[in-house]
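Colleague: In case you want the letters, here they are:
2 protein chains.
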Amino acid sequence: MQTIFTETHKDAHSNARLGILSLPHGDVQTPAFMPVGTNGTVKGIYHDKIEEIGYNLILGNTYHLYLRPGLEVLEKFGGLHNFSHWNHNLLTDSGGFQVFSLSGLRKISEKGVAFQSHIDGSRHIFTPEKVVDIQKVIGSDIAMCLDVCTPPNIEYRAAKEAMHITHNWAERALNHRKELGDAFKGNLFGIVQGNFYKDLRKESAEVLSAMDFPGIAIGGLSVGETTDQFNEFLAYTADIVTKEKPRYVMGIGSPDYILEAVENGIDMFDCVLATRMARNGAVFTDDGIVTLKKAMHKFDQGPIESECHCTACTEYSRAYMHHMVKTNEMLGGMLATEHNLTYFYRLMEKIRLAIAEDRFSSFKKDYLARFYKR
Amino acid sequence: MQTIFTETHKDAHSNARLGILSLPHGDVQTPAFMPVGTNGTVKGIYHDKIEEIGYNLILGNTYHLYLRPGLEVLEKFGGLHNFSHWNHNLLTDSGGFQVFSLSGLRKISEKGVAFQSHIDGSRHIFTPEKVVDIQKVIGSDIAMCLDVCTPPNIEYRAAKEAMHITHNWAERALNHRKELGDAFKGNLFGIVQGNFYKDLRKESAEVLSAMDFPGIAIGGLSVGETTDQFNEFLAYTADIVTKEKPRYVMGIGSPDYILEAVENGIDMFDCVLATRMARNGAVFTDDGIVTLKKAMHKFDQGPIESECHCTACTEYSRAYMHHMVKTNEMLGGMLATEHNLTYFYRLMEKIRLAIAEDRFSSFKKDYLARFYKR
Numbered sequence: 001m002q003t004i005f006t007e008t009h010k011d012a013h014s015n016a017r018l019g020i021l022s023l024p025h026g027d028v029q030t031p032a033f034m035p036v037g038t039n040g041t042v043k044g045i046y047h048d049k050i051e052e053i054g055y056n057l058i059l060g061n062t063y064h065l066y067l068r069p070g071l072e073v074l075e076k077f078g079g080l081h082n083f084s085h086w087n088h089n090l091l092t093d094s095g096g097f098q099v100f101s102l103s104g105l106r107k108i109s110e111k112g113v114a115f116q117s118h119i120d121g122s123r124h125i126f127t128p129e130k131v132v133d134i135q136k137v138i139g140s141d142i143a144m145c146l147d148v149c150t151p152p153n154i155e156y157r158a159a160k161e162a163m164h165i166t167h168n169w170a171e172r173a174l175n176h177r178k179e180l181g182d183a184f185k186g187n188l189f190g191i192v193q194g195n196f197y198k199d200l201r202k203e204s205a206e207v208l209s210a211m212d213f214p215g216i217a218i219g220g221l222s223v224g225e226t227t228d229q230f231n232e233f234l235a236y237t238a239d240i241v242t243k244e245k246p247r248y249v250m251g252i253g254s255p256d257y258i259l260e261a262v263e264n265g266i267d268m269f270d271c272v273l274a275t276r277m278a279r280n281g282a283v284f285t286d287d288g289i290v291t292l293k294k295a296m297h298k299f300d301q302g303p304i305e306s307e308c309h310c311t312a313c314t315e316y317s318r319a320y321m322h323h324m325v326k327t328n329e330m331l332g333g334m335l336a337t338e339h340n341l342t343y344f345y346r347l348m349e350k351i352r353l354a355i356a357e358d359r360f361s362s363f364k365k366d367y368l369a370r371f372y373k374r
Numbered sequence: 001m002q003t004i005f006t007e008t009h010k011d012a013h014s015n016a017r018l019g020i021l022s023l024p025h026g027d028v029q030t031p032a033f034m035p036v037g038t039n040g041t042v043k044g045i046y047h048d049k050i051e052e053i054g055y056n057l058i059l060g061n062t063y064h065l066y067l068r069p070g071l072e073v074l075e076k077f078g079g080l081h082n083f084s085h086w087n088h089n090l091l092t093d094s095g096g097f098q099v100f101s102l103s104g105l106r107k108i109s110e111k112g113v114a115f116q117s118h119i120d121g122s123r124h125i126f127t128p129e130k131v132v133d134i135q136k137v138i139g140s141d142i143a144m145c146l147d148v149c150t151p152p153n154i155e156y157r158a159a160k161e162a163m164h165i166t167h168n169w170a171e172r173a174l175n176h177r178k179e180l181g182d183a184f185k186g187n188l189f190g191i192v193q194g195n196f197y198k199d200l201r202k203e204s205a206e207v208l209s210a211m212d213f214p215g216i217a218i219g220g221l222s223v224g225e226t227t228d229q230f231n232e233f234l235a236y237t238a239d240i241v242t243k244e245k246p247r248y249v250m251g252i253g254s255p256d257y258i259l260e261a262v263e264n265g266i267d268m269f270d271c272v273l274a275t276r277m278a279r280n281g282a283v284f285t286d287d288g289i290v291t292l293k294k295a296m297h298k299f300d301q302g303p304i305e306s307e308c309h310c311t312a313c314t315e316y317s318r319a320y321m322h323h324m325v326k327t328n329e330m331l332g333g334m335l336a337t338e339h340n341l342t343y344f345y346r347l348m349e350k351i352r353l354a355i356a357e358d359r360f361s362s363f364k365k366d367y368l369a370r371f372y373k374r
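As you go down the protein sequences, you meet chains A and B in turn. Okay, so the first sequence: first residue is 1 according to this note's numbering, each after it adds one. Okay, so the second sequence: first residue is 1 according to this note's numbering, each after it adds one.
Hint data in this document are derived by calculation from the structure and do not stem from the laboratory. Predicted model only: the values in this text are computed from it and were never measured. Just to be clear, a hint being listed does not mean it is correct.
Which copy is meant is left open, because identical chains are indistinguishable; a pair holds if it fits in one copy or across any two.
[Unchecked claim] Capping the alpha-carbon separation at 20 Å, the derived lysine to aspartate or glutamate pairs in EDC-like fashion look like this:
hint, residue 1, residue 2
1, K298, E75
2, K373, D286
3, K178, D133
4, K198, E155
5, K10, E307
6, K326, E72
7, K293, D120
8, K111, D300
9, K350, E75
10, K326, E75
11, K49, E315
12, K49, D286
13, K10, D199
14, K298, D120
15, K326, D120
16, K243, E329
17, K10, D212
18, K298, E72
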């Protein structure tokens, strides 16, 4: 297996680290935040603007893309890069998380998972092998193994069974990936599970670390547990997962969770939070989240953030943004999306600089104190 | 009164003409189509992109802007140009059309019109003078007189009364405009009414033409009448309205209506059609309107139009656009809006070229034959 990750610097006082992730569509500086483009578009923003902000790795959702536009379309276009006019890196999830969210509509067996489309009720089966094949058609630069993601507070027995299926599927996916050889350029990542049981987390982290994956994700976090549980299980698991490979925590995107992850040596994360909140008129600033709908912004001539270089902050006032949100205008969501993605990109730049200068822990403390007024 | 319009060429075989409209924020080539930005944003597109396409005159709606963000906000920002980051020309309607659409919620008297906000039910009064004042606060480059707009098929008596009120209000608005002097740079246009009665149309066209307005609009068209009625009353009225001034037909935006208007020597028009249809996934091409949702586009690798230089046509396929519409993604409406506004801008360029080359009538015939497959 080829190494795709180089650690370039480790923070002197924490596990935070800088690295370079070498992918088919170019190198990515880590720690990296990835915007989510579920259907082959990050909602409310042009792909050109995402590139302009500086992102060169975004996420797509296998489950959604498999259903629409579907594999026949993606095959005809030679993959999602070409179809969606995105010439940088793409990571796709396995579809597992979405399928398991369908609760009533899916059934897991050792073989795979049978489910019904949320769109038209049509019946489908995902197997570990098929999910790799789908991501090959998509042309993912990073593909994820099908896993069984479980909610917090399930019984030990069920958590253990889900973990065993996940490990079995990881092996099958990896074998299938190897059979495909160079016909697929994507890097397949394994996913650690184990719910909120330390012995299971330990076992899963060790099993996955020992397998021949170019990268590892810590799954099953940020699924409804408390922040204390998240912090505890993130630190516990991250400590065991191999540090030789890029480490990814799925589905996190609030500044406190990102900082916690970085402190534990996590290199990648994704979340819809930044873009979803933008569409609801909530924008990020170093002083916390600003709810644009509030009447206090009606006459405010200042920008969302004076040091931000996004379109909203360089061309518009908070009063205009307030007006856009109150009148439910598309431009409100468009401008807020661009702002939030710019904010997260700049936050990652600041985080990387702090690591480079061996002051990540103090950066984290100061940032959280200001952002959350703690 | 200062002349703001110069006719630079008249088509040899029709009343179509080229001209230059000199406004406070720069010269506008006519005939000109104006995109509509009701709330101080053209829905689904950045003002920067509208400028890039080539537009330098867009429309805002006085009624909407008066209610939200309201005059206090606009006053604080020194007008809508600054508030909405639009440095070119703005035309605002009088609010009359919107108020009269509120049917149950408004009451007309000689003094003005009392109405209730569609947002919160609050009570307001528009008088001819007040509507000029509102447009002064907005900072409109072209302001419109408050008029009484009537639906087709009303009785002669009611049409005549509405016209007389319109004339009376036009005079009051003009007097008020004169009192304001240079404190307001905007050009106030009068509006011809008269419903679908030729003697009233004639009277109104003559009365308005004789008044000291820098421009004249033909109102009360495209309000629900048949196309034959529209064509007949447009030609009849346009023939009487002075040709010394810029001539504007309000609320038209389908290619056939635009071509009909140009042929009758109309210089300006506006419509929400291009942008509203875009948000519903309908895009304009020289071969007619394309409904992107249709299954026929699912695998189509071609662009909406190969000769168009908008983002949708240079970066995306019809298949991708189909996917955006099917998944209800914002980017679908954003890209389609940019395409349709680019299409209408290019159509106006072609129209102006055809007039310059004295072949407008044959251009119109060929265009309609292809677009409507007539």
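Colleague: So, for every hint listed, does it hold in this structure?
Modeller: Now the hints, each set against the structure:
no. : hint           : verdict
1   : K298 with E75  : between (49 Å within a copy, 12 Å between copies)
2   : K373 with D286 : within (10 Å within a copy, 58 Å between copies)
3   : K178 with D133 : within (12 Å within a copy, 74 Å between copies)
4   : K198 with E155 : within (13 Å within a copy, 83 Å between copies)
5   : K10 with E307  : neither (28 Å within a copy, 52 Å between copies)
6   : K326 with E72  : between (41 Å within a copy, 16 Å between copies)
7   : K293 with D120 : between (35 Å within a copy, 16 Å between copies)
8   : K111 with D300 : neither (58 Å within a copy, 36 Å between copies)
9   : K350 with E75  : neither (39 Å within a copy, 39 Å between copies)
10  : K326 with E75  : between (42 Å within a copy, 19 Å between copies)
11  : K49 with E315  : both (16 Å within a copy, 13 Å between copies)
12  : K49 with D286  : neither (22 Å within a copy, 30 Å between copies)
13  : K10 with D199  : neither (28 Å within a copy, 86 Å between copies)
14  : K298 with D120 : between (43 Å within a copy, 17 Å between copies)
15  : K326 with D120 : between (34 Å within a copy, 13 Å between copies)
16  : K243 with E329 : neither (46 Å within a copy, 38 Å between copies)
17  : K10 with D212  : neither (24 Å within a copy, 76 Å between copies)
18  : K298 with E72  : between (49 Å within a copy, 10 Å between copies)
The structure does not agree with the numbered hints 5, 8, 9, 12, 13, 16 and 17 stated previously, though it agrees with the rest.
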